[in-house]
Amino acid sequence: MDHSGAPSDGSVVRAVLSGDVDQFSVLVRRYRDRYARYAAHMLGSIDAAEDAVQDAMVRAYTNLAQCREPDNFAGWFFLILRNRCFAERRRTRWESGLENVGEVAAPEQTESALERSEVVRSVQRALLHLTTEQREVFVLKHVEGLSYEEIAGRLSTSVAALKMRMHRAYDRLRELLEAP
Amino acid sequence: MKRLSLYLVMLGGLAHGLAAQGDVRAQLVGRVSPDLLQLVVTLADSAKALRLPDAPLVNKALEGAAKGVAPDRIALAVQGVFGQLNTAASVMRSAGAAPTAQEIEAGAFALGAGLTSNDVAALSETADRNHPAMAVLQVAGALAALGVPRAQTVGLVQAEVHSGLPLGDLTNLPAQVQAAAASGVPPDAAASGLERAAQAHAGQSVQPKGRAKGNPHRP
Amino acid sequence: MKNHGWNDQIKQVLDGERELESLPPELRHEAEAARRQLLEAIDRRPVTLSDDVEARVMARVRSRATARWPRAWRWLSAPTIPRWAMLVPLAAAAALVLFVRTTQVPQTNGQAQAVVGQRESVYVRFELYAPRASRVALAGSFNRWNPAATPLVRVGPDGMWTVTLALPAGQHQYGFIVDGRNWVPDPAAPTVDDGFGRRNSVVSVNTINGRIL
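Chains as they are written, first to last, in our numbering: chain A, 3 to 182; chain B, 3 to 221; chain C, 6 to 218.
If you are wondering where the hints come from, they were derived from the structure by calculation, not from laboratory data.
Some hints could be false.
25 Å max Cα-Cα, derived DMTMM-like pairs, lysine to aspartate or glutamate [said to hold, decoys possible]:
| no. | chain 1 | residue 1 | chain 2 | residue 2 |
| --- | --- | --- | --- | --- |
| 1 | A | K165 | C | D198 |
| 2 | A | K165 | C | E45 |
| 3 | A | K165 | C | D184 |
| 4 | C | K16 | A | E71 |
| 5 | C | K16 | A | E152 |
| 6 | A | K165 | B | D130 |
| 7 | B | K69 | C | D184 |
| 8 | B | K50 | B | D37 |
| 9 | A | K165 | C | D13 |
| 10 | A | K165 | A | E177 |
| 11 | C | K16 | A | D173 |
| 12 | B | K69 | C | E45 |
| 13 | C | K16 | A | D73 |
These stretches of chain B come out as covered by chain C in the derived footprint (C-beta under 8 Å, 3 or more residues) [said to hold, decoys possible]:
| no. | segment |
| --- | --- |
| 14 | 35-49 |
| 15 | 98-106 |
| 16 | 132-144 |
| 17 | 153-162 |
Note that CB positions come from ideal geometry on N, CA and C, so glycine has one too.
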């Protein structure tokens, strides 16, 4: 139990594993939005993100017995969601037209905001042309605001590999955004 | 136990003699039957002559004893380990390498996990300055133990070594496959995805089947 | 390799690892443009999914819960699982929890790292969920398969048993022994043939960047 009185992730996981299936809704509520922004940027739309988060939550339930650190359910769930996003990317082919790119977040109304939203949309579109790994490091660092060290810890890789990936992403984004 | 005389071949002069025998004997006495002890001592001598590590032989005997397995069966298993060590070392040496004890054990582990001697040869050649053979073989063995099919195991490890990604990424492959399994992705699919990711990182074009040909693009 | 791209120093500014002011004047304008073009154009607004996500997930979860027993039964009745495991509820998978402390100080990666003082060894924690066991031991190549050498300790009321060992780099095979007689592989770890018709669990340890297999 933490100080707020809410049950810890670990105790909820153990309750679910002991047969109290309804307790899983605690984890769903707790984490459903935490990685929604990451999924939305990885997949290019909120709808796709919602499907991915739902699928990942169900997978987390099905495989809950394999969660090694029940008190770090969030980190484990992130990896499941990440796998789901990567799998989605493999299934989807992105054409340069990109009619399927949905709004990542609802657009604002004013004119300068519309102009800004067009700029935002073109960056988001360009992101979808990166490799999945490049897009991911970009999203985790510049959207989610993690440090390279934090990303390396989450993805079990090295800071050096991440920087290499990110710098390629910068180059590619520059090409895409400056294309006539 | 008469069949055990199969391996009672003295291979030339045994330089280490009694001292080495004493080590092995000391570890096994009281834990295995006298006949089995003698067999393992003799195999350990042969191992030394062939420049193979003997610790895996002793361990297999101790394991069998702890599990209450019949001595005949333990003897077969120990001989099996000897065979794997010998095969691994031969394969690596004929590829021009001078494998250390740890590398030979890693190669034997890969064989035990289901890879063939050709696979071990290919992987041993894949190793480079930044990706030592021991790590390459350990990773391959671990991937095979997780259920990644042989050919894909070799393909993935080779793609990862050639991608220019650092060693830590290679050694993390089994954990990634395991994490994928936890989220329902079967090992062969996870391995395919990781291989394509490695190829993409190397700058080769990503192909849905097989491995990309040509020289890896170095960053 | 395509050479068209920003200077490395500009990329370091984008990474947040270099101050714009520290750039030579001829690069500053380009760096500002890069920042505007990339970083300031990102939509960082939080995303909230629709309200019925929870209901949809729980509906699928509940239908799986009722279908779960047949799959679990197949797992429980696999020949390598001893009889006693049948009595353990569905959730009783062993959990192999590995955390790493190394003697080297690798580039930080967000995980706790502490200097051990032992050469090239790594702390590995083994866990087994066995609520009905009266004792659990760990035997493997690292302790010469001695069933008495490494008992696990029961922690908490839930039936979790655990032990932490420093293991040298390399690959180690092991199994758990429950109540002195039943050998149980670790369901969460890869396995190999033990040469006796059963399976050993494998843990691979290396100290490269503190990573483990």
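These are the hints, each one checked on the structure:
no. : hint               : in the structure
1   : K165/A with D198/C : violated (40 Å)
2   : K165/A with E45/C  : holds (20 Å)
3   : K165/A with D184/C : violated (50 Å)
4   : K16/C with E71/A   : violated (36 Å)
5   : K16/C with E152/A  : holds (19 Å)
6   : K165/A with D130/B : holds (23 Å)
7   : K69/B with D184/C  : holds (14 Å)
8   : K50/B with D37/B   : holds (20 Å)
9   : K165/A with D13/C  : holds (11 Å)
10  : K165/A with E177/A : holds (18 Å)
11  : K16/C with D173/A  : holds (9 Å)
12  : K69/B with E45/C   : violated (64 Å)
13  : K16/C with D73/A   : violated (37 Å)
14  : 35-49              : violated (count 0)
15  : 98-106             : violated (count 1)
16  : 132-144            : holds (count 5)
17  : 153-162            : violated (count 0)
Violation of the numbered hints given earlier is confined to hints 1, 3, 4, 12, 13, 14, 15 and 17; the remaining hints are satisfied by the structure.
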